[in-house]
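Here the protein sequences line up with chains H and F, keeping their order.
Quick note on the numbering used here: the first sequence kicks off at 1 and runs consecutively.
Quick note on the numbering used here: the second sequence kicks off at 1001 and runs consecutively.
These are calculated hints, taken from the structure and not from any lab test.
One should not assume that every hint holds.
[Unchecked claim] Partial list, computed: chain H residues near chain F (C-beta under 8 Å): (1) V60; (2) C62; (3) Y73; (4) V119; (5) K212; (6) D213; (7) S215; (8) S219; (9) L222; (10) G226; (11) K228; (12) G244.
[Said to hold, decoys possible] Pairs of lysine-lysine residues, derived as DSS-like cross-links and limited to a Cα-Cα distance of at most 25 Å, are as follows: (13) F/K1307 <-> H/K129; (14) H/K137 <-> F/K1127; (15) H/K94 <-> H/K129; (16) H/K212 <-> H/K228; (17) H/K58 <-> H/K166; (18) F/K1304 <-> F/K1382.
[What the hints assert, rightly or not] Computed Cβ-Cβ distance ranges for the label pairs, DEER-style: (19) F/L1028 <-> H/N237: 46 to 52 Å; (20) H/K129 <-> F/E1262: 52 to 58 Å; (21) H/N237 <-> F/L1031: 55 to 61 Å; (22) F/Y1259 <-> H/I245: 24 to 30 Å; (23) F/L1028 <-> H/R80: 49 to 55 Å.
Cβ atoms here follow ideal geometry from the backbone N, Cα and C, with glycine treated the same way.
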Amino acid sequence: MTEKTQLPRRGFLTRTGAAVASLTIAPGIFLSQVVQAKKPEEPASDEVRWGLLIDTSKCVDCSDCVDACNTEYGLRGHNRPETDAQWIRKVEVKDKLTGHVQALPLMCQHCESPPCVDVCPTGASMKRKDGIVLVDKHICIGCRYCMMACPYKARSFIHETLTDQKSYAPRGKGTVESCTMCAHRVDAGENPACVDACTQSGHKSMFFGDLKDPSSPISKELTRRGGKQIRADLGLNTGVRYRGI
Amino acid sequence: MKKLYYRQIEGRSNGYYALLAGLGLLILLGLLATLHMEHEGHYVTGMTNQIVWGMPHVFAVFLIVAASGALNVASIASVFNKKAYKPLAPLSALLAIALLVGGLVVLVLDLGHPDRLITAMTHFNMKSIFTWNILLYTGFIAIVAIYLWTMMDRTVNKYTRYAGFSAFIWRLILTTGTGSIFGWLVARQAYDAAIMAPMFIVMSFSFGLAIFILVLMASYIGTGRELGNVILFRLKNLLGVFIAGVLYFVMVYHFTNLYATEHHGIESFILTSGSIYTVLFWGVQILLGSIIPLILLYHPALGKSWKVIATASVLVIIGGLAQLYVIIIGGQAYPLVLFPGMEVSSSFYDGVVNSYSPSIYEIALGIGGASFAILIVALAIKILNFLPHTLDDSIDPHVNVTSS
């Protein structure tokens, strides 16, 4: 398994400091975590494992997380929905027996044992030491084997020339891409864009934090009320957990 | 008993030049299609974020699988010491290299970044079966080239058996690797099955031999050399055995899936849904590509006709392409199971059968690669002594003389 410890970063990473995620998830329960920013030259650390917890009972009929992701990375459709990239999407899940319907955001699950990393011939699909799964666009040859291997359909292939890209997230025709858990924001001590958008809209169904730190709010919350993996049967130990599925 | 001599073909007839021109045109069209796909991006193809591997992969995998099978005739001579096959061994090895190169060209030119081929050759993730295959494919070309050298240079003839044995083992591993590209994919319902590796090996026997029979017939009819019924009938009987072998593996694969409730969805999609994949499976792969060739090849009267043997070989190739279409495209068309037992839907085509219409560019690239393989053979048999001067029934393969 290929692991990369550093990401290319731009000037914005000179921002340092801490971000405080303060979330009230239930009466009497207060989620807050101080996420320390990482210096640009500092490699990702395996002392942390970044993860997400999504409370589907609070996920309503909105697309704020999807819109925030599209804005953050400049993802735009080309009126070709079958080839347009989607890093995060809302999925509606209906129980065939009971008819119960729920919706949830689905993105790269940042597996501990990612099939995309296993199958990638060049090592372009990689997992950082802090658990974030990324694609190195410089050595991706565009074979799409990772897309065949991903059980979550989390990846998109870039089918056309792109313009007006974000400097912190270069994208390129002929390469594969997916959710980066907003590594550039996380390295700067911020939350992923989708999480901030969900919080700001008042739904507060998405939480971000360090799964390895037993005292982190996300770990405490997972310990207290649990959180399931999608396709847990595959044994991938995903970094994204769901409550209510 | 005649002695065996290998001779270049003359290659000066109008028919030969027409063949080269035709193949050249098809290769040119394939290259133009590639330029268009790479310049515009893959949105001009039928491939999408749902069907990520399309027609180029059907052609490429077919050619790569057939390549290892084409070597079988040589293996029967060198490894299993069947003298009757010995005169055919050089052509068999040549065809194996040519088909592999043709398949790899298609695979590489379909990449999102074919310009990064050097990256693929310098950055290796050894856990990836793709990486193993890169090494297996290049190793195959090298080993078979050495094998050819031991066959064609009298001074090193004594090593032929060792080289042939190495090539035989290598080709079995190679096709295991190709089958495992799919067999090791845990995410998709149609794959994730160990049987795909041996199934691909038997498929390679069948597809490779069908192509070999056609190339052999074309070379001998085209050059006016004699080709005896003895060797041809042996080959066609063997092809029948391989077709039955593929049917057996296909049957075991589907029966195993049908026994497990969790696979009923994909099985009914392929076998009974009435989709294009159902038509291709039953109509083309099973009926046209397996049952009819079996009947033709083993029919007491029809099976002795060259035209019928050629027709059966063509049908096996068509059936093989259909089989790979069903495996590769059908396997992706069936939706991923995100939540077992639940219905899912989204703007990203979750939970729906994905559609795919191959574009003309993909087909042109695939045909271009196949044409390149044939061109390599057509040129090589003119430049070097690959073909016995005659393969009539009186030839004595026990006397092997390499001509100059």
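Hints, one by one, checked against the model:
At a threshold of 8 Å, the smallest CB-CB gap from H/V60 to chain F is about 16 Å, leaving the interface hint violated. With 8 Å as the threshold, the beta carbon of H/C62 stays out of range of chain F, its nearest partner Cβ sitting at about 14 Å, so the hint is violated. Against a cut-off of 8 Å between C-beta atoms, the interface hint on H/Y73 is violated, since the closest Cβ of chain F lies about 16 Å away. With its C-beta approaching chain F no nearer than about 5 Å, H/V119 sits inside the 8 Å limit, and its interface hint holds.
For H/K212, the shortest C-beta to C-beta distance to chain F is roughly 24 Å, which exceeds 8 Å, and the interface hint is violated. With a cut of 8 Å, the hint placing H/D213 at the interface with chain F is violated, because the nearest CB-to-CB distance is about 29 Å. Against a cut-off of 8 Å between C-beta atoms, the interface hint on H/S215 is violated, since the closest Cβ of chain F lies about 32 Å away. With a cut of 8 Å, the hint placing H/S219 at the interface with chain F is violated, because the nearest CB-to-CB distance is about 25 Å.
With a cut of 8 Å, the hint placing H/L222 at the interface with chain F is violated, because the nearest CB-to-CB distance is about 20 Å. For H/G226, the suggested interface contact is broken, since its CB lies about 17 Å from the closest CB of chain F, more than 8 Å. For H/K228, the interface hint is violated, the least distance from its beta-carbon to any beta-carbon of chain F being 11 Å, above 8 Å. A cut of 8 Å between beta carbons decides the hint on H/G244: the least distance to chain F is about 12 Å, and the hint is violated.
Between the alpha carbons of F/K1307 and H/K129 the distance comes to roughly 63 Å, so the proposed pair goes past 25 Å and is violated. Distance check on the hinted pair: H/K137 and F/K1127 sit about 20 Å apart at the alpha-carbon level, within 25 Å; holds. About 36 Å separates the Cα atoms of H/K94 and H/K129, which puts this hinted pair outside 25 Å; it is violated. The suggested pairing of H/K212 with H/K228 holds, with an alpha-carbon distance near 16 Å, which does not exceed 25 Å.
A C-alpha spacing of about 31 Å is found between H/K58 and H/K166, which places the hinted pair above 25 Å, so the restraint is violated. For the proposed pair F/K1304 and F/K1382, the alpha carbon gap of about 30 Å is over 25 Å, so the pair is violated. The hinted range of 46 to 52 Å is satisfied by F/L1028 and H/N237, whose Cβ atoms lie roughly 50 Å apart. Roughly 35 Å separates the CB atoms of H/K129 and F/E1262, a value that falls outside the hinted 52 to 58 Å.
Judged by the Cβ atoms, the range 55 to 61 Å given for H/N237 and F/L1031 is violated: they are separated by roughly 45 Å. Our hint of 24 to 30 Å for F/Y1259 and H/I245 holds, since their Cβ atoms are close to 29 Å apart. For the hinted restraint 49 to 55 Å between F/L1028 and H/R80, the CB-CB distance of approximately 29 Å leaves it violated.
In the structure shown, a violation is registered for the earlier hints numbered 1, 2, 3, 5, 6, 7, 8, 9, 10, 11, 12, 13, 15, 17, 18, 20, 21, 23, in ascending order.
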